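There are 2 protein chains.
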Amino acid sequence: MKHRIITISREFGSGGRTIGKEVARQLEIPCYDEEIINRIAKKSGLAEEYIKESGEYAASASKIGSLLAVKDFYGHSIQDELWGIQRRTILEIAREHSCVIVGRCADYIPKEKADLLKVFIHASIEKRAERIVKVYGENDVAPEKRLMQKDKKRRAYYQLYTDEKWGNIDNYHVSLDSGVLGIEKCIKIISSLY
Amino acid sequence: MKHRIITISREFGSGGRTIGKEVARQLEIPCYDEEIINRIAKKSGLAEEYIKESGEYAASASKIGSLLAVKDFYGHSIQDELWGIQRRTILEIAREHSCVIVGRCADYIPKEKADLLKVFIHASIEKRAERIVKVYGENDVAPEKRLMQKDKKRRAYYQLYTDEKWGNIDNYHVSLDSGVLGIEKCIKIISSLY
Numbered sequence: 332m333k334h335r336i337i338t339i340s341r342e343f344g345s346g347g348r349t350i351g352k353e354v355a356r357q358l359e360i361p362c363y364d365e366e367i368i369n370r371i372a373k374k375s376g377l378a379e380e381y382i383k384e385s386g387e388y389a390a391s392a393s394k395i396g397s398l399l400a401v402k403d404f405y406g407h408s409i410q411d412e413l414w415g416i417q418r419r420t421i422l423e424i425a426r427e428h429s430c431v432i433v434g435r436c437a438d439y440i441p442k443e444k445a446d447l448l449k450v451f452i453h454a455s456i457e458k459r460a461e462r463i464v465k466v467y468g469e470n471d472v473a474p475e476k477r478l479m480q481k482d483k484k485r486r487a488y489y490q491l492y493t494d495e496k497w498g499n500i501d502n503y504h505v506s507l508d509s510g511v512l513g514i515e516k517c518i519k520i521i522s523s524l525y
Numbered sequence: 332m333k334h335r336i337i338t339i340s341r342e343f344g345s346g347g348r349t350i351g352k353e354v355a356r357q358l359e360i361p362c363y364d365e366e367i368i369n370r371i372a373k374k375s376g377l378a379e380e381y382i383k384e385s386g387e388y389a390a391s392a393s394k395i396g397s398l399l400a401v402k403d404f405y406g407h408s409i410q411d412e413l414w415g416i417q418r419r420t421i422l423e424i425a426r427e428h429s430c431v432i433v434g435r436c437a438d439y440i441p442k443e444k445a446d447l448l449k450v451f452i453h454a455s456i457e458k459r460a461e462r463i464v465k466v467y468g469e470n471d472v473a474p475e476k477r478l479m480q481k482d483k484k485r486r487a488y489y490q491l492y493t494d495e496k497w498g499n500i501d502n503y504h505v506s507l508d509s510g511v512l513g514i515e516k517c518i519k520i521i522s523s524l525y
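These protein sequence lines are chains A and B, in that order. If you count the first sequence from 1, position 78 lands on 409 in the numbering used here, and the numbers rise without skipping. If you count the second sequence from 1, position 15 lands on 346 in the numbering used here, and the numbers rise without skipping.
The shape of chain A in the complex, shown without the other chains (with noise of 0.2 Å):
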């Protein structure tokens, strides 16, 4: 039997993380966030600290993110591994029983492997640029360009792994606007499709 797994892609600061959670919580069933970094941390070897940041982000212009993209001689980097690995735990998790799986491209799980609800959290940069000012903090760099930075690199991780467009409307079973709904309507949505 395929395991019911809800898949929650978002833009940075739509607050899918928070309704991922509450969706789970609300379902009694587990939801994966961090607890993939812990996972796939105890297989690579990895710090967890990396493994938040490489898993969903393409690498950055940095010296250290160009690399750990750098190719070895038969063209892998170690990001590539990295992917492997995400994939591979993933569909591991998916097997073992019903769940939330929040970012990670979780949504790629080939659907004869789980009977997937695919689900895109969205929202206008106004309203996401308040929400990471209050649940992140103040920062260096203005919100609205940290929203951008984040959201670009995660549109080209996607891309590069999955070979589909990061936030392209087909690709999700049910698509949300957090900002205009607000996050507790969203909670309610997905739970009642599951």
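For the record, the hints were derived by calculation from the structure and aren't laboratory data. Any given hint could turn out to be false.
No distinction is drawn between identical chains; accordingly, a pair holds when it is met within one copy or between any pair of copies.
Simulated crosslink set (BS3-like; lysine-lysine; CA at most 25 Å straight-line) [to be verified]: (1) K483 / K496; (2) K352 / K519; (3) K458 / K333; (4) K333 / K444; (5) K444 / K516; (6) K402 / K352; (7) K496 / K458; (8) K516 / K352.
Remember, it's a predicted structure, so these values are computed and weren't measured experimentally.
Given chain A, put chain B in place with the hints provided.
Same frame as chain A, now just chain B:
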């Protein structure tokens, strides 16, 4: 007081019109689809058949299509004229009462003019092909080809007059895959958000 308007944009064959009509029925508010065409016909003197086609689809490459898109001395075509009348008619309806409007770029109503809930209905090519054969019957053109032609023209028309990208996830508050979720679930979600 601003009226609550549900706009339903949809991929051809996704069942968006059926969903819009049923949402309106359940909420006991009017649904504008063919009714807008009647109003525009009365105002413009243009034939309903022409409005139906040209108020939502870019001019076809046929001879008549090209003539309708010909610009006069001031740079206006019949199609531009129709866009203006259609837009004014939609704003007029939005001033009158709460309602559902299917297609016709109604999601482009300025948010100062109405309390909008912008919905997009889509489905996979396979599901839509299956549906159009069932609803509209067989045709000389293969259903997949009919779909693509229709979507292409809707996309071009929308972009021409709104300067926005049709089917761009950020433009809608709720986007639903009617092929996966089913028509009934879509109706329920939209009604619950009214």
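Results for each hint:
Taking the shortest Cα distances, K483 and K496 sit within 25 Å of each other both inside one copy (12 Å) and across copies (19 Å). Taking identical chains as interchangeable, the C-alpha atoms of K352 and K519 lie at most 25 Å apart whether they share a chain (12 Å) or sit on different chains (24 Å). In this assembly of identical chains, K458 and K333 lie within 25 Å of each other by CA distance solely across copies; the values are 22 Å between and 37 Å within a copy. Within a single copy, K333 and K444 get their C-alpha atoms as close as 7 Å, which meets the 25 Å cut-off; across copies the closest is 47 Å, which misses it.
In the homo-oligomer, the alpha carbons of K444 and K516 lie at most 25 Å apart only across protomers (24 Å), although the nearest pairing inside one protomer, at 29 Å, exceeds that limit. For the identical chains of this complex, K402 and K352 are neighbours neither inside a copy (36 Å) nor across copies (55 Å), given an alpha-carbon limit of 25 Å. In this assembly of identical chains, the alpha carbons of K496 and K458 lie at most 25 Å apart whether taken from the same copy (23 Å) or from different copies (21 Å). Proximity of K516 and K352 under a CA criterion of 25 Å is satisfied in both settings, with 14 Å inside one chain copy and 23 Å between copies.
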